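Asker: Here is how the chains run, residue by residue.
There are 2 protein chains.
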Amino acid sequence: MDYVLGIDIGGTNLVVGAVSRDGQSVIGLHSEPTGAVHGANHVIERILGMARSTIAETQAALPSGRVIGVGIGSPGPLDTKRGVVILTPNLGWTDMPVRDRIAEALELPASLDNDANCAMAGEWWVGAARGARHAVTFTLGTGIGGGIVVDGRLLHGASDVAAEVGHMTIETNGRRCGCGNDGCLEAYASGPAIARRTIEALQAGAESSLPMIVHGDLQQLTAQTVYGAAAAGDPLALEVVQDTAKYLGVGVANLINILNPEVVVICGGVTKAGDRLFTPLKREVNRRAFKPAVQACRIVPGELPGTAGVIGAAKVFLDTHA
Amino acid sequence: MDYVLGIDIGGTNLVVGAVSRDGQSVIGLHSEPTGAVHGANHVIERILGMARSTIAETQAALPSGRVIGVGIGSPGPLDTKRGVVILTPNLGWTDMPVRDRIAEALELPASLDNDANCAMAGEWWVGAARGARHAVTFTLGTGIGGGIVVDGRLLHGASDVAAEVGHMTIETNGRRCGCGNDGCLEAYASGPAIARRTIEALQAGAESSLPMIVHGDLQQLTAQTVYGAAAAGDPLALEVVQDTAKYLGVGVANLINILNPEVVVICGGVTKAGDRLFTPLKREVNRRAFKPAVQACRIVPGELPGTAGVIGAAKVFLDTHA
Chain A
1 MDYVLGIDIG
11 GTNLVVGAVS
21 RDGQSVIGLH
31 SEPTGAVHGA
41 NHVIERILGM
51 ARSTIAETQA
61 ALPSGRVIGV
71 GIGSPGPLDT
81 KRGVVILTPN
91 LGWTDMPVRD
101 RIAEALELPA
111 SLDNDANCAM
121 AGEWWVGAAR
131 GARHAVTFTL
141 GTGIGGGIVV
151 DGRLLHGASD
161 VAAEVGHMTI
171 ETNGRRCGCG
181 NDGCLEAYAS
191 GPAIARRTIE
201 ALQAGAESSL
211 PMIVHGDLQQ
221 LTAQTVYGAA
231 AAGDPLALEV
241 VQDTAKYLGV
251 GVANLINILN
261 PEVVVICGGV
271 TKAGDRLFTP
281 LKREVNRRAF
291 KPAVQACRIV
301 PGELPGTAGV
311 IGAAKVFLDT
321 HA
Chain B
1 MDYVLGIDIG
11 GTNLVVGAVS
21 RDGQSVIGLH
31 SEPTGAVHGA
41 NHVIERILGM
51 ARSTIAETQA
61 ALPSGRVIGV
71 GIGSPGPLDT
81 KRGVVILTPN
91 LGWTDMPVRD
101 RIAEALELPA
111 SLDNDANCAM
121 AGEWWVGAAR
131 GARHAVTFTL
141 GTGIGGGIVV
151 DGRLLHGASD
161 VAAEVGHMTI
171 ETNGRRCGCG
181 NDGCLEAYAS
191 GPAIARRTIE
201 ALQAGAESSL
211 PMIVHGDLQQ
221 LTAQTVYGAA
231 AAGDPLALEV
241 VQDTAKYLGV
251 GVANLINILN
261 PEVVVICGGV
271 TKAGDRLFTP
281 LKREVNRRAF
291 KPAVQACRIV
301 PGELPGTAGV
311 IGAAKVFLDT
321 HA
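Heads up: the sequence lines are chains A and B, in that order. Numbering of the first sequence is given in the numbering used here, commencing with residue 1 and proceeding in unit increments. Numbering of the second sequence is given in the numbering used here, commencing with residue 1 and proceeding in unit increments.
The set of hints was computed from the structure by calculation and includes no laboratory data. Every value quoted in this text rests on a predicted model; they were computed, and no experiment measured them. Just to be clear, a hint being listed does not mean it is correct.
It does not matter which identical chain is used: a pair holds within one copy or between any two.
To be verified - With a straight-line cut-off of 25 Å between C-alpha atoms, the simulated DMTMM-like cross-links for lysine to aspartate or glutamate are:
no. : residue 1 : residue 2
1   : Lys81     : Asp151
2   : Lys246    : Glu303
3   : Lys272    : Asp243
4   : Lys291    : Asp79
5   : Lys291    : Asp95
6   : Lys246    : Asp182
7   : Lys81     : Asp100
8   : Lys81     : Glu262
9   : Lys291    : Asp182
10  : Lys246    : Asp79
11  : Lys291    : Glu262
12  : Lys291    : Glu207
13  : Lys81     : Asp275
14  : Lys282    : Asp234
15  : Lys81     : Glu45
16  : Lys81     : Glu104
Use the sequences and the hints to build the structure in full.
Answerer: And the structure:
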């Protein structure tokens, strides 16, 4: 069978794998730290090294298989037509022609799309949103990315920046976000925002096992720590998880009222919290969104943790080059 | 030339006209109070009377023209496929098969869509959004309706309730909205919300010419009164207009970040305020939305005041029956 190399470029990790043409299998999956501190070119070289390893492994495992192209997902803003990443401070890239640099080095055709769009494409192709005509993903991590499928097509918008769901205002005069705006969803429900809200509550005197867990160094607190403590029954951590679910519920309800999708997929490590996240999130959505829109919509965790971006990048390649 | 009868059903007024096949002219335009207090059937009878007058006038003015069908726009929720309005308290309708009742009485094929979708279709066909591949309208009145065009098609979503932009939460713990949710855009920037915010400020002691204008009866205050007083320089009215523009700016910025459209069209009487509305609205959008999305997007008043709904209803008929 033919394969497409999927490359998922993140500020923290790079993930590369060979995705079968039907999306059902991934071979030679590799994940490495991005190492952006070593410079823009270093990141490209590291990607190329991983890509060559994956291609070699795929050819060893399936001598009759061919790698026919490369799908690349990257943080944006970017220009899908020119294949250029315009500006990603996390990667140290400015106007980086990442698509053509990788295509030329590997001598394969390549595509470029936003990382959150790729996650949507993956979940829509073979994951939690498969078969949906209208779908939305929220990808929760350092930031909150989004992907939107409308009438069976990935939405790019007029200038390739659609689906920035993390920067929807949910509190007009709310918390300052990294983007400079006030009250973005991301300022409440991203990983760092969860840690920040927890630290503020501790500094205000809340009782919790969390300071002990991080040996008194609150700056070591992460969303993972908080979710772990919530699983162990820590009352402050449980409250933070509940509040996070509420904020996410506002964002999800807004997208449901605006787009009336059949499915909203929540991706990212935060979904490991399971019902502790999804029960209050759905309660908030029920309270806020229009009933005929809520009734038409499933809210589910992603089914491709760790590989949605790689699989979706390959899908974008197939859709643009098939 | 062939004509399509456009019918725009509102809680306050009914508007009917014959729209030429190219959307360039409207003949026999009539507007009458809806008269919903007289009952559900009365509204249908009134629509039929207006429709027959318009058809007669069109045939008198253009003996060679044919009326080929009827496009109907109505408040929702509704089912476009079955042609049924599910529930509109303002009209006293429950499961009203308005499309087939009108089609049978006039012996013409008919279509039904949401009134705000029809306004979008009109502005997109021959108004302020013509030619756009991605567009959004906000229709400001008693409520705030919306319409969305994605990739050159009107968005209906999974169950015909997409584009409820007025019920997007902009303040998580904000003002109670008529829909039961807290902090909807509509609870801040609809006509009644503008009046309510003004009355609250007056009751809190704000200086203004407004009480004199309504002879001391604050319940007579409307958004129109406030906009009129702002035009005359009343400081409280100016502040209310400015705040309204800010709230609308939050809603518009959210839609720009989510959909990345080429144009956002603001419809409704409120646009008569001109720069007093649009200057602070655009300032708020610039502050909040992503620069590459803001740069790609025009924010403009509707070009079809009073007829967008009629023209768009005709367009929906042509798109579904042509």
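Asker: Hint compliance check: list the failing hint numbers for this structure, sorted ascending.
Answerer: Failing hints, ascending: 10, 12 and 13.
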